[in-house]
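Just so you know, the protein sequences line up as chains A and B, in that order.
Numbering-wise, the numbering used here puts 202 at position 202 of the first sequence, and it's gapless, one number per residue.
Numbering-wise, the numbering used here puts 345 at position 8 of the second sequence, and it's gapless, one number per residue.
Be careful, since some hints might not be right.
[To be verified] What the simulated footprint calls covered on chain B by chain A, stretch by stretch (three residues with Cβ under 8 Å from a Cβ of chain A suffice, anywhere in the stretch; the number is not a length):
| id | segment |
| --- | --- |
| 1 | 468 to 476 |
| 2 | 543 to 554 |
| 3 | 590 to 603 |
[Unchecked claim] Here are the simulated SDA-like cross-link-like pairs (lysine to any residue), alpha carbons at most 25 Å apart as the crow flies:
| id | chain 1 | residue 1 | chain 2 | residue 2 |
| --- | --- | --- | --- | --- |
| 4 | B | Lys392 | A | Tyr157 |
| 5 | A | Lys7 | B | Ile449 |
| 6 | B | Lys392 | A | Ile135 |
| 7 | A | Lys158 | B | Pro394 |
| 8 | A | Lys158 | A | Ile135 |
| 9 | A | Lys7 | B | Val457 |
| 10 | A | Lys200 | A | Ile211 |
| 11 | B | Lys392 | B | Asp381 |
| 12 | A | Lys158 | A | Asp283 |
| 13 | A | Lys7 | B | Gly494 |
| 14 | A | Lys200 | A | Gly190 |
| 15 | A | Lys158 | B | Ala584 |
Source of the hints: derived by calculation from the structure; they are not laboratory data.
Just so it is clear, CB atoms sit at the ideal spot from N, CA and C, and this is done for glycine as well.
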Amino acid sequence: MIGFLFKRLVWGLLVLVAVAVITFFLSRVVPADPAAFLAGQNASEETVQRIRVEHGLDRPLPEQFASYMIGLAKGDLGESIRTRRSVSTDLAQYLPATLELLVVSFVFYLAISFSLAVLAARHPGGAVDGAIRLITMIGTGIPVFWLGMTLQFFFFYKLHWLPLGSRFPIRETAPPLVTGFMLVDSLLAGSPSAFLASLKHLALPAATIVINLLAVGTRMSRAALIQEQSRLYVRTARGKGLSPRRIMFKHILRNALSPILTATTMQFGYMISWVILVEVIFDWPGIGLYAYQSFQVFDYSPVIALAIVSTAGFVIINLVMDLLYPVIDPRVQSVGS
Amino acid sequence: MSVSSQTARRALKRPKGLLLPLALLVVAILAAFVLLPGLIAPHDPIALAMADRLKPPSLTHIFGTDEGGRDVFSRIVYGTRYSLGVAIVIVFASALFGVVYGAVSGMASRGIDNLMMRIVDLFFGFPALVLALAVAASIGRGLDSVALSLAIIWWPGYARLVRGEVLRLRERPHVEAARALGVSEITILRRHIISFVIQEVNVRVTTDIGYALVAVTALSFLGLGANSPTPEWGLLIRDSRSYFGSAWWYLVFPGTMIMLTATAFSLIGDALAARRAA
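From just these sequences and the hints, can you work out the full model?
Right, here's the structure in full:
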């Protein structure tokens, strides 16, 4: 077990180093003159030269790489030209909004996808199964940005039920910042109206992510359940006269959990990617919107920081999932170590 | 085999009766859009006609007009070349590279195979689209940089698929027979392994075109792809953002096209997979 954990940790570190190498390459080697690039379009020659010295771009490449890696290890993600602050400071400010959106969406996604998969697997090939399959198939083809805008069109423009975007009504004062999670903060402030307001703002972005994930997720969970259903032990259980409900929840689900967990991990990767688009559409002030607004004005360090931070997040998720496997399926342990 | 497992198998691989012909029809229409846009599109996709600004769908403009008075239907027809074209280029380039990489890895010695596959695994450790975003942003705006950045994150899937197939096929009797007859490894790979692998890859390519289309339009939507007034589908949706509250058609039709196209390709991919399994 310890050996397995160690292996996974080393691997996670390797992924992070790889992303650091790629981002270094992207920021220092791809632009013909990184200093001119950093200085912006209308900078004078002196400014470019100053930036070159300031960022150590006049030093040899291996030396630059070393200091880049040391900086990264210390949490230095460079500086944003747009906000004139260090990218880590910016990220710290915008990250809670993204996390709140991700956590809420993921909880709902898990609950709904699980129920749908169970419903579909009850009678494979039946009407409910067919309907769920068709919906998930179409769902995988819906571009997430278009889905978000369509939801905005109906729930904001047509029905006037939900706000168009952002996290909180502009005219009202937001609850005092404690956790950065608007839902939690409004509860801590003891304000049900603020809670309701932030919930309303969260509804559409979260729904967009959930619907998008559901399509692929339900498809994979359903396949795992049906595969498991054809096993001999299920026939035995049926032969013993166990109720279908008991067979599904005590036997099949338990065994299908590993492939479902694998699918869930993959879904996390997609979610991290799609959240950028969702934040842009709903003007959700998270790290995705921050990166987007930055590269619209040719400020690239936030984009590169986003790649590093989200990879780190993904590595951590993968690690946690790896640790969960032996818990839900004891057979895995022997393979891992 | 028990009855229930038979049902289960059928449910997993059942070809979809009426949907498949519909999907093929959609692809045929798309092919016509790509090959003969001039014959199909009733209006110029680029020229401005400010008098017709943001008109709802009518007989002259079946999908309505955009903020420049341009016919949305014509823009969609001409845009197929960009959106679907780039998606196809991405998938084919990734498949080609992935097949070569996977085949080499599968035929190579244990050590090299291990190293090559660890590199592939690395790519599954990144949130792919974010990486593509960073790459595309660094190279600069344009459909070519969108294509390159997505191909970079797309090929590892093929490498993994192909390598697995090669390993499986290498032990098959017909390959062993060829080897016993003294056929060279290169010829075995080319004639007796790749020809089988290709069938598996075809399934994946078909399904992936739809996913790649969604990814291309997503990056375009973020402003990394084509420049206005190129009628690229993702860009159409990006442009519609300022107007869709009052001009629903501007949002609805390009998005529906992406959805229909992606669904059609994944249906056909499923059907191909089902036929191979049968």
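A quick look at each hint next to the structure:
A count of 7 residues in the segment 468 to 476 of chain B with a Cβ less than 8 Å from any Cβ of chain A is obtained; the coverage claim is therefore met, three being the minimum. Proximity of the segment 543 to 554 of chain B to chain A, defined as three or more residues with a beta carbon under 8 Å from a beta carbon of that chain, is established by the 4 residues found. Here the segment 590 to 603 of chain B counts 9 residues with a CB under 8 Å from a CB of chain A, which clears the bar of 3, and the coverage holds. Between Lys392(B) and Tyr157(A) the CA atoms are separated by roughly 18 Å; this keeps the pair inside 25 Å, and the hint holds.
Taking the CA atoms of Lys7(A) and Ile449(B), the gap is about 20 Å. The hint holds against a cut of 25 Å. Between the alpha carbons of Lys392(B) and Ile135(A) the distance comes to roughly 32 Å, so the proposed pair goes past 25 Å and is violated. Restraint check for Lys158(A) and Pro394(B): the C-alpha separation of about 19 Å stays at or below 25 Å, so the hint holds. This hinted pair checks out: Lys158(A) and Ile135(A) have alpha carbons roughly 24 Å apart, not beyond 25 Å.
With a C-alpha separation of about 17 Å, the suggested pair Lys7(A) and Val457(B) falls inside the 25 Å cut-off, and the hint holds. Pair hint Lys200(A) plus Ile211(A) holds up; C-alpha atoms about 17 Å apart against a cutoff of 25 Å. A threshold of 25 Å between alpha carbons decides the hint, and for Lys392(B) with Asp381(B) the separation of about 16 Å falls inside it, so the pair holds. Distance hint between Lys158(A) and Asp283(A) is fulfilled; the C-alpha atoms sit about 19 Å from each other, no more than 25 Å.
This hinted pair checks out: Lys7(A) and Gly494(B) have alpha carbons roughly 23 Å apart, not beyond 25 Å. Restraint check: the Cα-Cα separation between Lys200(A) and Gly190(A) comes to about 17 Å, which is no more than 25 Å; the hinted pair holds. Using a Cα cut-off of 25 Å, the hinted pair Lys158(A) and Ala584(B) holds, with the two alpha carbons roughly 12 Å apart.
Hint 6 from the earlier list is the only one contradicted by this structure; the remaining hints agree with it.
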